[in-house]
Every structure is written in C-alpha cells, then in structure tokens.
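Could you put the whole structure together from the sequences, leaning on the hints where they help?
Residue numbers (my numbering), protein chains in the order written: chain H, 1 to 277; chain V, 1 to 288.
Treat each hint with caution, since some may be false.
As the list claims (entries may be wrong) - Result set (DSBU-like, lysine-lysine): computed pairs, CA atoms no more than 30 Å apart in a straight line:
#	chain 1	residue 1	chain 2	residue 2
1	H	K103	V	K7
2	V	K199	H	K7
3	H	K265	H	K185
4	V	K281	H	K103
5	V	K6	V	K284
6	H	K103	V	K284
7	H	K180	H	K103
Treat the hints as calculated values from the structure; they're not laboratory data.
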Amino acid sequence: MAKIEFKDILFRFIYYALLVIICTFFAFPILWLIFAPFNPGPTLSIEIPLNPTLENFAEVLSHGYAMNALINSLIQSLGSTAIVIFFSSMAAYAFSRVNLPGKTTIIYIMVLFSSIVVGIAAMVPIFFLLLEIGLIDTHMGVILVFTGGFLPTGIFLLKDFIDDISHTYEESAIIAGASKMQIFKDIIFPLSTPGMVVVGVFCFAQIWSNFLIPFLLLRSQEMMPAAVAIYTFTDAIGMPNLRLISAYSFIYTLPIILIYLYTSKKYGFRFYGGLKG
Amino acid sequence: MEILSKKTAVLFILPALLLMFLFLIFPAIWTIFLSLSDYSLLRQTLSFVGLDNFRNLFSDGRFWNSIQLTFIFVIGSAVIGQNILGLLLALLFYKKDNIIKSITSNLVIVSWIIPSVVVAYLWRAFLNPDYGSLNQILNFVGFSLNVDWINTYPMLSIIVFNTWRGTAFAMMLYMSALETIPPSYLETADVIGASLWRKLCDIIFPSIKTYMGTCLILITLWTFNVFTPYLLTAGGPGRATEILPIYTYFEAFRHMEFGFGSAISLVMLMINLVFALFYFKLMKGDNK
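In structure tokens:
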C-alpha cells in the first residue's frame, strides 16, 4: 500500500500549498492597512511597527476637512438607510397584506431596474436630473439617489419577513380599535426588526463605501464624504500624505469590519445580490 | 378579516413608488431622450440630432478600444478570475474545518467589504515598483525583479486586482452550492473508488450547474459596471485600461458631453438589461 500513501501525502502537500499561496495573495495587500497606520513614518512597503505610535491618528483628529468628511459620510449613509427602512417597510407591509392587482409584477420590475440602472451608466441621466431639480451638491441629492437604488431590495427582503408575521396580532388590534398607523408602528415595526437590521446593514455598508455617487454628484469640499476626501490627501508638494491616508483608511474601514463581525456572529453572514458593484 | 383597505395600502406604497420611479425608472427612460440630443454642459443648448450620437459613437476608435478592453477585463477577472478561484476555494474548503480555512475565507470576505477607495490605495502600495510587497515577495522567493506592474502590465494589474476584490461572492455562492449535494453521492463514489476528476465531472458540476449560471451572470454584470479600476490606473497609461465605465466617465463628466455620454450609457444599460433578463429567467426556472 506504499504507493497509495505516497499519493495521499502528495495530495495533502498540494492541498496545503494551494491554500497557503491563496491565503498569502489575499493577506498581503491588507497587511499594509494593519501596519502602516501605527508606523511613525509609513512608506508604501509593509513594515511591522517596531515603535508603534498613535501620532498618525492624532493628525487625522486635528485635520478639519478629514473629520468633517467622516461626519458627511455618516449623514449620507444614516440618512439614506433610515429613509429606505421606513418607506420600504411601509410598502412591504402593504404588499404583504393586500392583494393588489399586479403587485408581483411591480416588485419584479423594480428589482429588475435596480439591478440594471447602476454604476456610471445610471449617473449620466441622474446627474442631469439633480441639476434640473437643484439637488446637485447637496446631501439630500445623494441621499435620495441612494434611497431610490436600495428601495427595491429593501421591499423585496422585508416583504419576506412580514409575510411570516401572523395576522392574528393585527386582527386583535383592529378589534381593540387601533388605527392603521398604530398597528404598523406598534406591531409590524417591532416584529420585523430582524429584517430591518438586515436591510439597514446592507444599505449602510454599501453607501458608506460608495465612491462613485458622491464623487460625481457633489462639488464642494465641505459636502464630500470620506470616500472622496481620502482621494485628495496630499502634502505640500503634491505627494500622497501616507501618514494621514493610512490612519484615515483605518478609521474609515473599521465600522465596516465591525458591522461584518457583528452580523456574521449574530445572524451568520448572508449576502444579497442587486446593488453590489 | 380585512387588515388593510386597498386605499390605505396604496398610500403606504406611494412614497417608495414615487422615489423608485424618480431615481430608477425615469433616468433610464430619460437616457433615451438625452442620447438623441446634443446636450452639453459647456454649451448649455439642447437640440435634437437624431441618431448622430450613435453614429459618432460607433465610428469612434476609442469606443471599440474600450469595448475590447471591457471584454478582456470581464472574461479575465470575472469569468476566469473570480469564478474559478471562488470555485477552487469552495472545493478546497468542502467538508474541512481547519484554522487555515477560516483565516482564508475571512480574508477573502474582508477584501470584498473594504471600501473601494481604500482597496485602491492598498493595491497601489502592493504593486509599487520600489516599495511594493509584491516585488518584495518575488525577490524573497528568488526572482530578482523590479517591475512597475501598473505601467508595464496595466490590464493584467486591474484583472488581478478585481479578482482579489470580488472572489468572495463566488466563493460563498459555491460554498452553499456544495452544501446542497447529498453526501451519500460522494460517499458512494468513494466506495467504488472514483477519481477526483470523475467526481467533479459526474457529481459536483452537474449538481451546481444552476448556481454556476447565477454566479456567472451576476459577477459579469457587476464587473461590466465596475468603476474602481479608475482609482488604480485612471484608464491609463494612455488608454490601456480605458474600460467602458471609465470611457463613459471621461466623455460625460470630463468633457461634459451629456448627449454623447448618454448614448454610451444607453448602450451599457441595454447590455445590463440583457444580463438581468437572463438572470431572472434562470431564477424563475429554478423555482419551478
């Protein structure tokens, strides 16, 4: 049986060699993000910080434009996520409980459009639209564009959650004389929280990371979110300021990583198609 | 008992419907209208020019150059890169539970969720000729190289970059696809001593066929629209990486030629539509 054993060992060797190569390939670019922010004078190479420092983070904190951009990111991501959750849960509730003619077709068409009206191709007419209605270079413009893009996915996902909620709660509430809005606020909203967390996390993470939409639809510095601001951090002679960039990248990426860890621990990481890209 | 009257239901749906119409459907329709005009932000005039924009577009060498680059980019980074690497990872992870699996799969997912601007900086650092860790690794294993990757191999750079960036989706999809194969199939194959190749061709591939279709359509659609390579190469050197999204950006937003830019957008939206319809058809067939 010596021959088979040799083959087994060879197989195991190839197996681990492949995994190590792939693992290295994915690890190396990320290592810079972990080491550089703590190096006193970061370069583009990967250097383990022997004298780790928080100076680079202090520089970010004292950089007005950088901090303002983080706040803008929060305004745009949270604003849009809140509107998506609110309007999509209302629509999903109505779609779930009432037999409207053609409702499947409406949801189908919306999801279809949200997967084709994406990226730069969608930005050409949307830029023009915002220009016409005076929302270019405003938080509201960016928020509404994101909202329009995420609503179909939101409705689609939340309808599934609400379909699973038993009608008996609402029926007893109606007998007790509750209004439609009360039923929605006191029964449906709390009961569909897990669904809203999924939709919220999905929207927030993607809007927080999006570069293209604010890059094209905003003009003035004081409106820019972190995604665009980071692109402009250069020093006096126009070279990228790596101290600022590395620490800022770290701060800017951290919420996304934390959200990932939280959701994968609590719900098990799931993914939904549609808007990624 | 009627929980919600039809009238109230319509009121509940209306705000969402209005926003979706304004920011998804209307823009798509308006692109058609704009593409037939000569609207330019610089001239501030608008008149109808019929199909002139399309005539100019289809006779523009840059357009065909970018079509060709986009094709190479999509085949290289989505169909081959993300798809094959994702499948390979899922197969390597199948029925395994070791530390290197959890490290690797988490790294693959992290590289997918890091914001694109940060990813672009990481890769500029990784590929840098003087300091980049890619050259350092290659020197370490014995290749004495000092390659300026982005400028010497621009297409290869963005293809490998986008593979790194997006493999997570294919990996996760194939991991859950492999879960659906009844273990008894593979156990039986083991008993009769089938080779790995036979197991792949006779059991694994036929069972995950639909997943593979879904995966290919979605990652092709996303890769076709991805703008992130702009942050790495800005379409250069020269026009060497001017894929369609970057070409559209230059025409519409740098030269401010919205009529012409809309013509390109319309072509892109139509291609997206074809992919999406394929996808929905596949999903419908799957549900039966």
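Here's how the hints hold up against the structure:
Taking the CA atoms of K103/H and K7/V, the gap is near 14 Å; set against the 30 Å cutoff, the hint holds. Between K199/V and K7/H the alpha-carbon distance is near 17 Å, which keeps this suggested pair within the 30 Å criterion. Between the alpha carbons of K265/H and K185/H the distance comes to roughly 28 Å, so the proposed pair stays at or under 30 Å and holds. This hinted pair checks out: K281/V and K103/H have alpha carbons roughly 19 Å apart, not beyond 30 Å.
A hinted pair counts as satisfied when its Cα atoms are at most 30 Å apart, and K6/V with K284/V qualifies at roughly 28 Å. A C-alpha spacing of about 17 Å is found between K103/H and K284/V, which places the hinted pair at or below 30 Å, so the restraint holds. For a cut-off of 30 Å, the pair hint linking K180/H to K103/H stands: about 20 Å separates their Cα positions.
Checked against the numbered hints above, the structure violates none of them.
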